[in-house]
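2 protein chains.
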Amino acid sequence: MNSINSYIENNKERFLNELIDLLKIPSISADSAYKGEVKKTAEAVKEQLELAGCDKVEIHPTNGHPIVYGEKIIDPNLPTVLVYGHYDVQPPDPLDLWDSEPFNPVIKPTALHPEGAIFARGACDDKGQMYMHVKALEYMVKEQKLPCNVKFMIEGEEEVGSEHLAGFIKANKDKLKNDVILISDTGMIAKDVPSITTGLRGLSYVEVEVTGPNRDLHSGLYGGAVANPINILSNMIASLHDENNHITIPGFYDKVEELSDEERAKMAEAPFSLDQYKASIDIDAVHGETGFTTNERNSIRPTLDVNGIWGGYIGEGAKTVLPSKAYAKISMRLVPNQDWEEITALFQSHFERIAPKSVRVKVTPHHGGQGYVTPIDSIGYQAASKAYEQTFGKTPIPQRSGGSIPIVALFEQELKSKTILMGFGLDSDAIHSPNEHFGVWNYLKGIETIPWFYKHFAELSQ
Amino acid sequence: MNSINSYIENNKERFLNELIDLLKIPSISADSAYKGEVKKTAEAVKEQLELAGCDKVEIHPTNGHPIVYGEKIIDPNLPTVLVYGHYDVQPPDPLDLWDSEPFNPVIKPTALHPEGAIFARGACDDKGQMYMHVKALEYMVKEQKLPCNVKFMIEGEEEVGSEHLAGFIKANKDKLKNDVILISDTGMIAKDVPSITTGLRGLSYVEVEVTGPNRDLHSGLYGGAVANPINILSNMIASLHDENNHITIPGFYDKVEELSDEERAKMAEAPFSLDQYKASIDIDAVHGETGFTTNERNSIRPTLDVNGIWGGYIGEGAKTVLPSKAYAKISMRLVPNQDWEEITALFQSHFERIAPKSVRVKVTPHHGGQGYVTPIDSIGYQAASKAYEQTFGKTPIPQRSGGSIPIVALFEQELKSKTILMGFGLDSDAIHSPNEHFGVWNYLKGIETIPWFYKHFAELSQ
Chain U
1 MNSINSYIEN
11 NKERFLNELI
21 DLLKIPSISA
31 DSAYKGEVKK
41 TAEAVKEQLE
51 LAGCDKVEIH
61 PTNGHPIVYG
71 EKIIDPNLPT
81 VLVYGHYDVQ
91 PPDPLDLWDS
101 EPFNPVIKPT
111 ALHPEGAIFA
121 RGACDDKGQM
131 YMHVKALEYM
141 VKEQKLPCNV
151 KFMIEGEEEV
161 GSEHLAGFIK
171 ANKDKLKNDV
181 ILISDTGMIA
191 KDVPSITTGL
201 RGLSYVEVEV
211 TGPNRDLHSG
221 LYGGAVANPI
231 NILSNMIASL
241 HDENNHITIP
251 GFYDKVEELS
261 DEERAKMAEA
271 PFSLDQYKAS
281 IDIDAVHGET
291 GFTTNERNSI
301 RPTLDVNGIW
311 GGYIGEGAKT
321 VLPSKAYAKI
331 SMRLVPNQDW
341 EEITALFQSH
351 FERIAPKSVR
361 VKVTPHHGGQ
371 GYVTPIDSIG
381 YQAASKAYEQ
391 TFGKTPIPQR
401 SGGSIPIVAL
411 FEQELKSKTI
421 LMGFGLDSDA
431 IHSPNEHFGV
441 WNYLKGIETI
451 PWFYKHFAEL
461 SQ
Chain W
1 MNSINSYIEN
11 NKERFLNELI
21 DLLKIPSISA
31 DSAYKGEVKK
41 TAEAVKEQLE
51 LAGCDKVEIH
61 PTNGHPIVYG
71 EKIIDPNLPT
81 VLVYGHYDVQ
91 PPDPLDLWDS
101 EPFNPVIKPT
111 ALHPEGAIFA
121 RGACDDKGQM
131 YMHVKALEYM
141 VKEQKLPCNV
151 KFMIEGEEEV
161 GSEHLAGFIK
171 ANKDKLKNDV
181 ILISDTGMIA
191 KDVPSITTGL
201 RGLSYVEVEV
211 TGPNRDLHSG
221 LYGGAVANPI
231 NILSNMIASL
241 HDENNHITIP
251 GFYDKVEELS
261 DEERAKMAEA
271 PFSLDQYKAS
281 IDIDAVHGET
291 GFTTNERNSI
301 RPTLDVNGIW
311 GGYIGEGAKT
321 VLPSKAYAKI
331 SMRLVPNQDW
341 EEITALFQSH
351 FERIAPKSVR
361 VKVTPHHGGQ
371 GYVTPIDSIG
381 YQAASKAYEQ
391 TFGKTPIPQR
401 SGGSIPIVAL
411 FEQELKSKTI
421 LMGFGLDSDA
431 IHSPNEHFGV
441 WNYLKGIETI
451 PWFYKHFAEL
461 SQ
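As they're listed, the protein sequences go chains U and W.
FYI, the numbering for the first sequence is 1 to 462, going by UniProt numbering.
FYI, the numbering for the second sequence is 1 to 462, going by UniProt numbering.
If we strip away everything but chain U, and leave its shape as in the complex, we get:
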C-alpha cells in the first residue's frame, strides 16, 4: 500500500485547495445569522463524500443544523468503520487578534510547520481532520484498496453541544451499525510523537449561589456579626479539597477506575518536560493531587475547578459592602465509570450539607457528560497503533485526554461500539482561539495513515 504516498504526492495541491474551499464557508453553528452558511457547508460535504466514492449520501435535517450521512458498503459480511466528524466551527471572535481573515484561509510557514500551515477557523477543528477521512476514502475507492465497509456521519452542531445528534443516532441504529467508530478531533503529543487518545474525561458543571442577609449591608455596621456569603463560599470551596488535594465529597471516588500498571507505564513513556510545561504557562510550580504525575492529574484523575466566581463590589475603588449573595461556577472532570448525573447529585447534597445555618445555598446543575475509555488491547486500538507504526516509524503512545467529548460515551451506549480517537492536531494549533491553523504535513500525514488503519482493522477482524 505504498501507493498512498504517490497518490498524495500527485494530488496534494488539490487536497489543499478542496479543504481551503470548505474553510471559506463560515459554518458558525452558534450564531443563527450563519444558518444558511452552515447548510451550504453540509451541501459541500455531501458533494465531496459523493465525489470520494460514497453511496447513499443524504443530508438529514434536524431542528438545528443538518447531519450528513454517507456509506460505502462493499460486502455486508465485512466489518464496518463509522467515521464521525463535524463541519461546524467555533465563532472566530475576537477578530482583532487574527493575523489573517478567519474565513479567508492562507498557508504560511511557522516554527513548528516549516512546510506551511493552513490558517483558518476550523482548519484543525474539525474541517481539516474530518476531510482527511474523505480523502483517505477517495484513495481507497479509486485504487480499490478499501478492505471493509465505511459509513460517514458528519454533524453541524458539535461546537454547540451536539443537541440533535442523540436523537438521530437513536432513530438510526441500524443504519449506523458498525464495528468501530473512528474520529479525528483530538491531538497528538508532537509531530514526531504519535499518540492515540484512549480516554476522555466526563464532566459535571454546576452553578452555586450562597445567600446571607436579604440585602447588601454596611460592612462596618454588620461585619463580624452576620455571615458574609463571600467568606462562606470561600470556606465551602476550600473545604472541597483536603491537604492532599483529594476531593472531599463523600462517594466521589467510589467508582473511579484504577489504571492498569501497563497503561500507566505506557503513559509515563510520553516525552514530557516539567520545566517546559511550567515555562509555557509561566508558573513556578505545578499543583495537584498527591501521588500522581502532572500528566496523570490532568487525564486519569477526576478534578474539581472553580471556573468563575463573583459577589459583592467588583468595580473600581472601594465599597464597604457585606453582600447578600455570592456565586460560583464549578466543574468537575470525571473519569470512566463515574456517572456524571450521580456525581452532580453527590455534589449537590454535599454542598447543601456543609453550608452553615447562617446562609442558604442553591445548587443548579448545568450540564455534563460521561467519560470514556478505550482498552489498548482492542482490535481498533491495535489497528490504529499499527497504522501509526507504518507511517511514523514508531509505536504511538496511548494518551488520556483531560477534555470531554460527551458524544463518544453516547456512541458506546447506543451503538455498542468503541471509538478510536486518531488525532493529528497539535496543542499549538490554537483551536477555539484566534489564528487557528493545521499543519500541511499533519493534514497529509493523516490522509496517509488512515488507509493503514482500515487495512489492519480488516485483517485483525478476520
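The hints are all genuine.
The list cannot tell twin chains apart, which means a pair is met if one copy fits it or any two copies do.
Calculated cross-link-like contacts (lysine to aspartate or glutamate; reagent style DMTMM-like; alpha-carbon spacing at most 20 Å):
| # | residue 1 | residue 2 |
| --- | --- | --- |
| 1 | Lys386 | Asp179 |
| 2 | Lys173 | Asp75 |
| 3 | Lys191 | Glu269 |
No lab work stands behind these hints, which were simulated from the structure alone.
Once you've looked at the hints, dock chain W against the given chain U.
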C-alpha cells in the same frame, strides 16, 4: 434651663423652615457640577452661624470645598467646645427610588415618626444634625445661657473623604484649640433609648490579585495539574479565619483593646432582640467570633470581610476555563489601638507568605483610618450622659459603632482632645439611601439636649 422647651415651642416652625431652606441647596460634594451649590451652602451656613451669635465667621477656601469656621468666645478662662459637622451631602442616586424630590424637602408622618419627618438628602446626614447645634447656640446666646466658649468647624467634604480637613487642622491648631469636640453625625439605639457612640472602628481596605498561569487555560486539559487561582484564593480567604472565627494573621490581635467589664456590662443593657435582628435581614443564624455577642462582634471586635470577589467566567451559561487571575477586595474593621497602617502591612506580608508556590500574589493597600474610643469616665461623656438624662429621663447607653469616621482619630492626634458623639438619628433614617429623612421629634430633641451638655460640661470642668 427649662426655658429651652418654651424657646423651642415658640420657634419650632422657624427652626424647621430654616433647615428646609438649607436642604434645598444640592451640596453634592462628589459631583464637580455642584461646586457652585456647595459654595452657596457654605455661605448659607456662614450666615446662619452669624445670626445665631457666632463671631469671626469665615469661609476658608481649600483646593476642594470650603470649610466654615465661627466662634463665640465669652471668656478665655472658660472651657471651649469645638462643634464639628458637615454641610455636604451624598449624591441622591438612584433618583427613581425617591418618593419625593431629594432637594425639595417635605414633612410627612411615618410609623416611627407620627409627628412627621423631613424627607430630603442630608436631612439627617448631616445638615439636620449639624443645624441642631446652630439653633442650640442661638438659644444659649439669645437667652444668655452660654456657659463656656464654642467654636464651629463645618466642612464640605465629609462625604468624599475630608481630603482638605487635615491640612486645615494642622495649619490652625491654635484657632481650633478646645477642651472637647462635639459631633452629631451618628445615631441612637431608638427614640426611647438614648445612646452615646463611644467607639468607632478603624479600617484597612486592600485589594488582592492571585495569578496562576499566564493565560486562561482549558480546564479539561489543565484542570487538576495547574493551580486554579480561584480555588487558591478561596483557600487563602478561608484560612484567614480559624474554626472560632478568630482572624489568623499573626500579630493581628496584639494591640486589640480589651473592654472594661463596666463598659461591656453597660453595652449588654442595650435593648436587643436577636430574633428581631435575624428577621430584619432574613437570616436563620448569626455568625461571628466565639465568645462574643452579636453587638460585641460588630463593634468592639476587629473583623475581616471580603467586600468583593471575581475571577474566571461570570457570564450566562458555562465556560470551562481555568482562569489566569482571581481578585478580591478585603476590608478589616479595626478597634482602638490597632494601627491601620500596621495592620495593612501585617495583612500584606501574611497573605504573601501563605500563597503556595504555584501562584503569585499581589496585595494593593487601598485606604484606611484609625479606630477611636472615648472613655465613659471622661468629663465630656459624663456631661453628655447627664444631658440625655435631663431630656430623655433615662441614662444613655454607651454604644460602640462598627462603622468608621477616620477624622475623629485625626482630631485627637492633632488637637489632643476627645470627641463626644451625640447622635440623634435612627438606623431607619436611610442615610446614603433614597428617602433619607430625619424625625421632627429627633431634630427638636437634639436642640433641646445640646444646651444641657454645655451646662454640665462647664460645671464638671470647674
